[in-house]
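> Spelled out from the first residue to the last, the chains are:
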Amino acid sequence: MNRNLYQPINGGIVDIIDESPTIKSFVVVLEETFKFETGQFVELTLPGVGEAPFTPSSSPYDTKKMEITIMKAGKMTALLHDCEKGQKIGIRGPYGKGYPVEDFVGKDVYIIGGGVGLAPIRSLFLTLVDRIEAFKSVVCRFGAKTPDDFIYKNTLFDSWQKIDGVDIKLTVDGASGNWDGNIGVVTTILSSNDVEISNAVAVVCGPPIMMKFGTLKLLEFGFSPEQIYLSMEKNMSCGVGKCGHCMVGKYYVCKDGPVFTYDEVKGYPNIWD
Amino acid sequence: MQTVLISELKPFLDALAEEMDLYVPKKSGEHYVYNRYDSSANVQIEFNNIRTCMPVKEFLFPLRELAAVYPQPIEPKEIRPFAVFGLKYCDLRSIEVLDRVFAEDEFEDLLYVTRRKNMFIISSDCSEPAESCFCDVLGGKPFAQAGFDLNVSQVKNQYIIETGSQRGEEFIEKHSSLFTETTEAILADRDKNRIETQNQLEQNNTNLKFDVPVNEMVEKTQDSDVYDEEAKTCVECQGCTRVCPTCHCFYLYDTKQEDYFTKMKMWDSCMRIAYAEVAGGTNPRKALGNRLRHRFMHKFSYFFERYGIDMCVGCGRCVDGEAGDVDIRRVLKRLSEELKGKDNRRAETAK
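Here the protein sequences line up with chains A and B, keeping their order. Residues 1 to 273 in this note's numbering are what the first sequence spells out, letter by letter. Residues 1 to 351 in this note's numbering are what the second sequence spells out, letter by letter.
No lab work stands behind these hints, which were simulated from the structure alone. Quick reminder that beta carbons are idealized off the backbone N, C-alpha and C, glycines included. Honestly, I wouldn't trust all of these hints.
[Stated by the list, open to error] Simulated crosslink set (EDC-like; lysine to aspartate or glutamate; CA at most 20 Å straight-line):
no., chain 1, residue 1, chain 2, residue 2
1, A, Lys255, B, Asp99
2, A, Lys250, B, Asp259
3, A, Lys169, A, Asp108
[Said to hold, decoys possible] If the Cβ cut is set under 10 Å, some of the chain B residues that face chain A in the computed set are:
no., residue
4, Ser224
5, Asp225
6, Leu252
7, Val278
8, Ile309
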């Protein structure tokens with residue numbers, strides 16, 4: 001007999017990392033072996049409170065624990081932010097289709113991200129650098145409101161930038177103090193010379209407005225809609241293509257996504273909202 | 001497939017009720033509703049001329065149910081075999097829609113599948129279509145063609161029972177003493193009744209004959225302003241989705257009990273404003289017109305593309321069951337007219 005689709009796997013929060021004033025990473029350990037592919041998402045249950053979808057931010061190769069980076073954005077996330085180490089949680093999933101990493105082999109991987117959108121991107125980044133020689137290059141262009149709003153600062157500002165084959169540029173909407181990087185929205189640090197477009201894929205994940213203008217910029221550079229991978233944030237609830245909340249056109253984002261090519265979703269209404 | 005004859009329903013229903021929980025239609029005001037059959041009570045057995053007021057999905061996908069208990073899971077509640085008498089072909093077609101969603105191999109919903117396996121379906125012919133019935137427009141008929149265990153047709157004061165499954169055959173064989181044989185003449189009478197009802201239905205809906213398949217028509221007019229205009233008559237009661245036998249959106253929520261937690265599964269509605277809203281308040285379908293558009297696109301285009309059947313069976317419950325004035329038939333008619341206009345303009349330009 002199949003497992004009850006709605007039964008969460010029990011687990012607990014073993015560590016909490018403050019990433020930015022509004023974002024925390026929760027390290028969770030589950031009572032069962034749990035494997036996911038990068039870009040897939042999980043439903044996280046806060047017992048008695050509710051459930052919400054998140055894409056793990058840790059490497060899928062780490063099967064002992066999983067990290068989930070969460071921005072305080074609504075009721076459930078505010079309560080999660082109030083949690084302490086030892087808090088019991090539940091996980092359902094993993095759900096959906098993640099990034100087709102095998103299709104990226106031999107190509108420039110152009111990653112554009114902003115805000116908490118760096119959470120799924122971190123998982124992808126760790127997956128790519130695990131065998132960096134398989135990819136032509138990994139070019140990252142990330143934005144945040146202020147330098148303090150960047151998440152994963154320890155690695156982002158330091159060790160990630162030193163990896164051979166990785167090129168990272170950062171920008172902020174505004175900065176005070178000693179920020180010597182770019183100021184402006186993420187599209188201001190994109191250049192058509194960043195990658196060899198005919199042999200590249202682009203990955204975009206961030207706030208809706210950034211996803212929209214990032215995608216438009218890529219199209220302007222000459223990327224085809226099939227080359228652009230978007231991680232869609234919708235109201236995924238059941239996770240198994242039934243409850244209907246996350247529908248974008250004919251797609252159930254939870255089952256057919258959350259990663260789509262722009263080509264797949266471009267014809268449907270309100271994809272950026 | 002075999003047919004047998006019985007002159008009154010009570011012995012037949014009593015035999016069913018002996019083996020399983022039986023639900024039968026009962027008139028309540030203008031409508032029929034389902035009640036548990038009690039063989040000892042001396043109530044009049046009613047043969048419903050049309051579908052019941054509430055949809056059959058209630059039996060398979062209740063308004064609210066326990067989906068999971070955690071952290072310590074519990075064994076699922078045992079579902080007793082049950083039978084539903086008097087379902088119409090539109091009801092059977094709606095079960096087909098629900099099967100596609102909840103009983104698909106990849107993610108089988110055990111809550112649904114367990115009930116479905118334990119359900120014994122006794123359909124019956126429609127004899128008097130309601131004003132709102134328009135199943136014929138969507139490929140339906142006023143009598144069941146498939147998907148039943150037994151089907152009952154009333155012919156004058158007698159009832160023809162037809163088997164539609166192995167389980168149905170077994171039931172008839174087991175209770176063979178209750179039945180007599182059908183004759184050519186009575187079967188001919190049944191077919192005549194069926195044709196008459198079908199003709200009446202088609203006559204009621206002559207203004208709903210479309211030149212192109214409905215799914216194609218809805219898809220081609222997806223940008224239509226008709227949705228925004230029709231939305232003005234919608235009062236957001238969500239009644240249309242509640243009474244709809246194919247609507248299956250649901251909502252999961254958690255509760256805290258003394259020493260455990262639960263996940264509950266409850267009907268939801270895509271017409272509700274916060275339905276698609278994400279944390280932080282972004283909402284792709286904030287405008288009521290967009291929600292109505294999505295509802296129609298889901299029913300006639302998206303679902304069709306995914307599963308190959310429409311997610312509307314033309315039962316007309318939404319027409320009867322809502323507080324506002326959005327009539328699914330009028331919307332389809334307006335879309336059809338708009339498409340004709342579009343095609344005419346295109347033809348003009350081509351000249």
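> All hints, please: hold or fail.
Each hint tested on the structure:
no., hint, in the structure
1, A:Lys255 with B:Asp99, "holds, 18 Å"
2, A:Lys250 with B:Asp259, "violated, 41 Å"
3, A:Lys169 with A:Asp108, "holds, 15 Å"
4, Ser224, "violated, 12 Å"
5, Asp225, "violated, 14 Å"
6, Leu252, "holds, 6 Å"
7, Val278, "holds, 5 Å"
8, Ile309, "violated, 14 Å"
When the structure is compared with the earlier hints, violations turn up for hints 2, 4, 5, 8 and for no others.
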